[in-house]
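Asks: Letter by letter, the chains look like this.
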Amino acid sequence: MTLGPIAFTAPWLLLALAALPILWILLRAVPPAPVRRRFPGVALLLGLRDDDSVTDRTPWWLLLLRMLAVAGVIVGLAGPVLNPRAEAEATRTGPLLIITDASWASARDWPATRALLDTMLAEAGRNGRPTALLRLTAPDDVVFQAAETWRSRLSGLSPHPWTPTPEMTDRLIDALPDTNFETRWFSDGLGRAERQTLLTELAERGPVTIHEGARPLVTLAPPVIENAALSLTATRLAAGAEQTVTVTAHGTDPSGTPRALATLPLTFAQGETEATGALSLPSEMRARLTRFEIAGQGHAGAVALTDDRLSRREVALIAGRADREGLELLSPLHYLERALEPTSDLLSGTLSEILPANPGVIVLADVGTLSAQENADLLAWTEAGGTLLRFAGPRLAASDVSRDAEAPLMPVRLRSGGRTVGGAMSWGEPKKLAPFPENSPFQGLDIPDDVRVSSQVMAQPDPILAERVIAGLTDGTPLVTRKRVGAGQVVLFHVTANAEWSTLPLSGLFVQMLERLSITSGTGEALPPDLADASWQPITVLTASGRPESGDTLPGVTGARLLTAPLGPDLRPGLYEGPDRRVARNIHDPDHALAPVRWPQGTSVEGLSRGAEAPLGGWLLAAALGLLMADIIASLALSGRLAPTRATRTGAAIALLALTLPLMAPAPAAAQDQPIPEELALAHVLTGDAQLDEIAQAGLQGLSQTLFFRTSVEPDDPVGVNLETDELAFYPLLYWPVTPEQPIPSDEAYARLNTYLRTGGMILFDTRDADIAGFGASSRNGAWLQRLAAPLDIPPLEPVPDDHVLTRTFYLLQDFPGRHMGRPVWVEAAPPDAERIEGMPFRNLNDGVTPVVIGGNDWAAAWAVNGVGNPMLPVGRGFAGERQRELAYRFGVNLVMHVLTGNYKSDQVHVPALLDRLGQ
Amino acid sequence: MTHDATLRTRAETQAARLPALLARADHLAGTVLMGEHGRRRAGQGDDFWQYRPVQPGDSRRHIDWRRSARSDAEFVRQHEWQIAQSVMIWVDQAASMRFTSSDAQPQKADRARLLALAAAILLNRGGERVGLTGHGLPPRRGAAQVARLASALMTEDAAEYGTPDLSGLKAQGHALFVSDFLGEIGGISAALTSAADRGVRGCLLQVLDPAEESFPYRGRTIFESIGGTMAHETLKANELRDRYLDRLATRKTELAALCATTGWRFHCHHTDSSAQSALLWVHGAMSGATGRETGR
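As you go down the protein sequences, you meet chains V and X in turn. With numbering that gives the first Met the number 0 applied, the first sequence covers 0 to 919. With numbering that gives the first Met the number 0 applied, the second sequence covers 0 to 295.
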């Protein structure tokens, strides 16, 4: 029995659901456990009787809970299965024919296809159905055999990079047996005329099911050069919503490693099937392109291989004589440059410089003799595939090149002198061009009437002359001759490259001839006729999934077939190399637009995916169990046994705490950009005044050195701290020179400063103006200090009393000079009840360390030392000044000692008592 | 359990909001100790009462010469006779008082102690002497007595329901009984009538939990007394509600009627309402402000 996408293995069990209402009534009748309550008013209740003996009903929601649990058990035991395999399908018998299109368009869904084929073959194997598996792109005889046999071959089954031709389909139809069988056809989604015929034939022999993937098919046309940019066009099979595909240009980097060179997003507008975009690349990079590919498509139709049409050939021009200044039109290279410039990269220089650059073509305009070395190099280059284009001229005519024997770099032997016709001193008219011979690459070009040849070099008549002439004059003398040398060729124009000897360079024919000779590039014209018969060898071929493969092992094809024949087993999409150029054959064919397939009405079309069969019984039973657990808790709650006693509440709180503890765990401390000092270090507040900060740094440096030399305190290098960002906790003493230039710190900084003060830190405020002002707001610095210190948590202050511990932590001091002298220093006030103990020289003052010391004696300036340890700033005069500096150091030592030891020295008041106790 | 010091503190807080309580001065024969209650007759005291002509037997020293000089007769200045009154307090310490239906309210016993001690403080401040029945704590005055009261109030009784203890109750005195009065009505009425027989007048303050007033229970329930000695099982607690409330109303009516016959005052206080209102009532009842009875 099926219910939507759910089927039941034991549907009769569902009848038990009818018993649920009975259960409802039964459950209601069972009384819930009584609740025990403390109630002082029970005295008033005594003697009251219940009106009826029926107990209070179980609450409806508890009943519902139990009902759901029981229903879950019943349904779960009935064995529900999600997405069941249709039984009819599973138990079908008889032969099964599986046809796949296996074209490049199938490649995009091939993994899904293969998975489904696997399932299908496994099923057929279980049911013992004889099975045949055919690929439409490589039709074979229909052989029904055990499905397992096919299944074992499945991993080797792959689509082909071409589409089935009508002949292939016909061959398949012929091979179909006349028995009845079921057919499953995996279509690639492309419309073809012959599909209908095959479908009819198959339908006559049994039911046909079509499987088709749903992924949209996008193909890429080969790039076209438009306005110096590459124009790329992507086509999709069916118009639809807006869609963006990314085209990746693959190529090699300068070192030859394949990599993606550029990407170009193409967006299909809604309802459009074509998207075009332009990709502008430097010509150097363009020459390195190998293919374009639409990312993520995974089939050969989304790959467009590039060939010579994209790359600009490099042409080296070498003239035999120096340019005559000012006579540009007479330059032997002028017309060549004009003809080649738009489509080629021109190189110029001497032959020895150019040959290492390995240009595609070298043009020698009226160059007669070459040195032996140049000859050898040029010959080697030509044999390696170069095209040497030579033009005649007065020098060539005058030289002895190829006079007696044919020179390797000349197509023919030349007669000495040459001839001039139609001139003032000669007979006859200037000659016209004769129609191009059969085997000429120029065949088919129109010969303009106005092309006249007045001078030429003459070839020696030879048995082989006729086959080397590819263009001649009306009198039968050769105009252009050609000889193949190794993989390359040597072409000789028997006239000059300028208009001196003929009008040929002035005509459009000249450009077309150069083009046919593959001197120029990028015109996209069809192959020259002489290459149609040549054998073209595949270099790279595409697999159906669009992966380039080496085509070494494949046979060559003729040029005629290469361009026109449909793709098939013997003509794969790929890059083919001919005599002097490379031609790419891509899947995209502008003449045959792809169309989506239209199946006739009533054909059964299915997708490639099948929902997996999922038994739900276990889940339902688990849910029922969960509901029963909830019922236990609810029943306990109803009878009051779940009442949160103190113990359970505490337990719950602990459990909750345990749950939340990991969440509340402190986040790892944010990375400090300031290094944490490993040793004790003194610190000063960065005020923003560079000079002040420098003095403070130098001062603390001097103090640190003094401490190092004189005491057991061995501080690290002093640190400047930024109140806004730095952590203060590492520094026991903070020296804060006050300057009105310093901005008021932020509230966060003050919060941290207060924490610092409360946790035992000390700040030494220095207004540095004791020479001009007393304590208070009388000076600018003092006023600013008041503003700076207002938000700080500072206790009442008093001038350092004579018996303050600061006066005796290390040295005995009575005043605390810095660079200035005299102004009192303020510290935390002593508690009012401090008393002098009898016999003691000082009172027992406050127990802690004063959080602030405020003064104006400019201590840092007195402490400051430069890099070599000499004082930076003068203090006082003469010996008295040095004494004052010494006292300043002593104050610093006392201060640091006070910070580090607290009231240790104050505790000396207890010494007599301790001695007394020891004496006993 | 609340420490007596905190009880004292809270009681002082409550009492501080009311003026000094002067318990109604009534004729209490045989109580001769001086206090600040004017007896509306001449006697020992500080306040002026009247001038009366000199009668034979008056000492010459008692003649008010200033008044006498304004007329021909001679007058004697008399002061109002002032006495202090003893108020005995009984607070139910039985188990039934140790109940609260939710954490939001104090236990009934807690509230009862608080009210009793607050009243004691007020009375003390008004110059009355306050004692506790059944604890051997005779009526006295002063802050020390308040401290003794506070500690005596912290004792607990194991009995399920309390019955007013009349021991130490002086004839013609005043009394304040604080309890939930949910126990046997017989014991309560016997105690009240016995007290009334001795000429004691006073107030009954019934302290109830809101749950006892609303009976918000449903379903199959076993109700147990606080001490656990009594139990009552019902299958449908919600059906019992109306009858329970009837009985509670009857109990209140009985108590009110009992008070009416004995000349006492009755008030019911719930622990979820403010203690101040109850104290105000006690203040009014004890000072007679809520309705002066015709003096005897």
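To be clear, the hints were calculated from the coordinates, so they are not data collected in a lab. Ideal Cβ placement from N, Cα and C applies to all residues, glycine included. Please note that the accuracy of each hint is not assured.
Claimed, not checked - From chain V, some residues computed to sit far from chain X (all C-beta separations above 10 Å):
#1 D49
#2 R235
#3 I463
#4 R467
#5 Q741
#6 N869
As the list claims (entries may be wrong) - So the derived list for chain V, only partly shown, Cβ under 8 Å to chain X, looks like this:
#7 P33
#8 L43
#9 M409
#10 V864
#11 G866
#12 V867
#13 M871
Asks: All hints are to be evaluated individually against the structure, with a verdict given for each.
Replies: Going through the hints against the structure:
Its beta-carbon lying about 5 Å from the closest one in chain X, D49/V breaks the requirement of being farther than 10 Å from that chain. Every CB of chain X lies more than 10 Å from the CB of R235/V, the least distance being 70 Å, so the non-interface label holds. With a minimum CB-CB distance of about 121 Å to chain X, I463/V clears the 10 Å threshold, and the non-interface call stands. The beta carbon of R467/V is kept farther than 10 Å from every beta carbon of chain X, the shortest such distance being approximately 117 Å.
Once the 10 Å rule is applied to beta carbons, Q741/V is consistent with being away from chain X; the minimum gap is 53 Å. Residue placement check: N869/V keeps its beta carbon more than 10 Å from all beta carbons of chain X (closest about 72 Å). Below 8 Å, beta-carbon pairs count as interface contacts, and P33/V has one with chain X at about 4 Å; its hint therefore holds. Because the beta carbon of L43/V sits about 4 Å from the nearest beta carbon in chain X, less than 8 Å, this interface hint is met.
Interface hint at M409/V: violated, since its Cβ lies 118 Å from the closest Cβ of chain X, which is beyond the 8 Å cut-off. Interface hint status for V864/V: violated, as the beta-carbon distance to the closest one in chain X is roughly 66 Å, over 8 Å. Using the Cβ-Cβ criterion of 8 Å, the hint placing G866/V at the interface with chain X is not satisfied: the shortest such distance is roughly 71 Å. Interface hint status for V867/V: violated, as the beta-carbon distance to the closest one in chain X is roughly 73 Å, over 8 Å.
The beta carbon of M871/V is not positioned within 8 Å of any beta carbon in chain X (closest approach about 67 Å), and the interface hint is therefore violated.
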